[in-house]
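Each protein sequence line maps, in turn, to chains X and B. Residue numbering for the first sequence is 1 to 252, as defined by this note's numbering. Residue numbering for the second sequence is 1 to 252, as defined by this note's numbering.
Possibly wrong hints are sitting among the right ones.
No distinction is drawn between identical chains; accordingly, a pair holds when it is met within one copy or between any pair of copies.
EDC-like mimics (lysine to aspartate or glutamate), calculated; alpha carbons at most 16 Å apart, straight line [to be verified]:
hint, residue 1, residue 2
1, 106, 133
2, 217, 190
3, 217, 184
4, 61, 235
5, 61, 249
6, 217, 124
7, 78, 125
8, 78, 143
9, 61, 20
10, 61, 97
11, 240, 133
12, 78, 97
13, 217, 104
14, 217, 15
15, 106, 71
16, 61, 190
17, 61, 124
18, 217, 59
19, 106, 79
20, 61, 133
21, 61, 125
22, 106, 20
23, 217, 249
No lab work stands behind these hints, which were simulated from the structure alone.
Number of protein chains: 2
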Amino acid sequence: MVPQVQIIGITGIPEVTEGDDLAALILSAAQAQGTTLEAGDVLVVTQKVVSKAEGAVVDLKDVTPSPLALEFAREHNKDPRHVEVVLRESRRIVRMERGVLIAESKHGFICANAGVDASNIPGEERVSLLPRDPDGSARRLREVIMARLGFPVAVIISDSFGRPWRLGSTDVAIGIAGISPLKDYRGVTDPYGYLLRTSTAAVADEIASAAELVTGKVDLVPVSIARGFPYLPDEEATAKGLLREASLDMFR
Amino acid sequence: MVPQVQIIGITGIPEVTEGDDLAALILSAAQAQGTTLEAGDVLVVTQKVVSKAEGAVVDLKDVTPSPLALEFAREHNKDPRHVEVVLRESRRIVRMERGVLIAESKHGFICANAGVDASNIPGEERVSLLPRDPDGSARRLREVIMARLGFPVAVIISDSFGRPWRLGSTDVAIGIAGISPLKDYRGVTDPYGYLLRTSTAAVADEIASAAELVTGKVDLVPVSIARGFPYLPDEEATAKGLLREASLDMFR
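Construct the entire structure; sequences and hints are all you get.
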């Protein structure tokens with residue numbers, strides 16, 4: 001059998017606003033384009049529509065910047081209220097220079113601007129935050145979708161993060177439900193009899209990256225389906241569990 | 001139209017040895033399983049078969065470890081000859097503790113063991129190195145394949161790299177030919193009229209990660225095809241060009 005994975009974009013999802021039933025919007029859009037979900041599909045939902053549905057959007061008109069935000073914004077020609085929102089979303093500033101703010105978000109994700117983003121939001125002067133609890137968002141979305149479908153699927157909430165050493169961003173999983181984020185080869189013997197000792201693939205992040213090839217950044221395709229990957233079901237798994245403990249992080 | 005990307009594994013590639021015509025092996029295996037390559041396909045070839053075809057394999061019996069390798073191996077219960085090969089492949093040691101060796105390879109890639117790997121190689125006591133010039137390997141492979149097919153395809157040589165902050169490895173592009181590794185959204189306006197200023201997606205790495213979902217680590221599927229992604233053709237692009245200049249790397 002030819003091993004194969006498909007990423008199928010879901011088009012036609014309307015503008016999402018606070019309180020919307022995102023599961024219903026996704027399922028009707030899939031149906032409208034003739035895509036039928038299947039057991040074992042992984043639904044990859046980009047962060048922004050989740051944040052919009054949850055109302056994790058801030059109007060900059062309501063934000064009073066701190067002196068720190070004012071100073072950094074002045075130096076680097078930025079909107080001080082945007083900088084202020086980034087500071088409020090951060091639990092640690094990793095780097096703050098040349099106009100770049102790399103922060104550890106309240107969830108523990110290390111990314112530019114603590115995930116605060118002004119793109120793809122209707123109306124001026126509004127920025128989106130990461131969902132408060134992306135694993136919880138994924139879990140709730142999955143429960144509603146599975147209740148309507150009647151068979152198991154997994155959910156990944158994705159966002160585009162930069163990384164050290166290499167240019168550009170890749171999409172990673174910031175919230176997951178129903179899928180083990182790691183494929184652990186430790187203890188597995190390769191076809192030549194060699195025992196793998198350290199190999200663990202971050203498959204949830206790889207699925208998020210694969211999905212980005214279809215969803216893009218400006219194409220109004222905020223959701224896709226990854227089909228054909230034999231993931232390990234895991235009801236307890238979280239994307240938070242993907243974070244490396246700082247003291248054990250040899251890559252830092 | 002439903003946007004869609006497919007990853008199709010190529011099975012049945014025989015054991016690759018030094019001097020093999022990898023392009024021919026890939027094309028016959030694809031044909032044998034009924035997969036016809038198409039213009040615009042991206043062929044993703046995992047590093048190990050490229051290294052094997054190029055003879056980038058070292059027999060540990062021929063390696064005399066240095067005092068540094070002997071000491072580190074003794075402390076952490078490792079094979080000192082394996083450690084020695086890692087040191088020889090490195091141009092800088094990033095971390096060397098708890099038995100973990102994170103190094104900058106001669107190419108500039110930062111990864112565990114400078115890419116030296118003992119898995120998936122026949123025979124005992126042999127380790128594979130990264131190809132000397134993975135962009136050159138990709139370019140040569142692409143030339144042969146395009147000459148036989150008569151239409152344009154792109155080639156990515158992939159390997160599994162760990163990363164800071166997050167557990168597990170994701171596959172990245174260590175060599176490319178014919179494809180721009182970055183999709184640059186700077187200057188693009190989103191559907192809401194917002195001008196994107198910083199967004200650049202590392203699509204070659206995302207394709208490599210997508211391919212890993214099909215190739216895995218022990219399944220004898222070392223090559224796959226990514227189909228349907230509208231990549232930007234680029235005859236000059238290299239994976240080396242994906243490396244962030246250290247002085248501009250705010251994520252370090």
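Hint check against the structure, violated hint numbers in rising order: Structure breaks hints 4, 5, 6, 8, 9, 10, 13, 15, 16, 18, 19, 20, 22 and 23.
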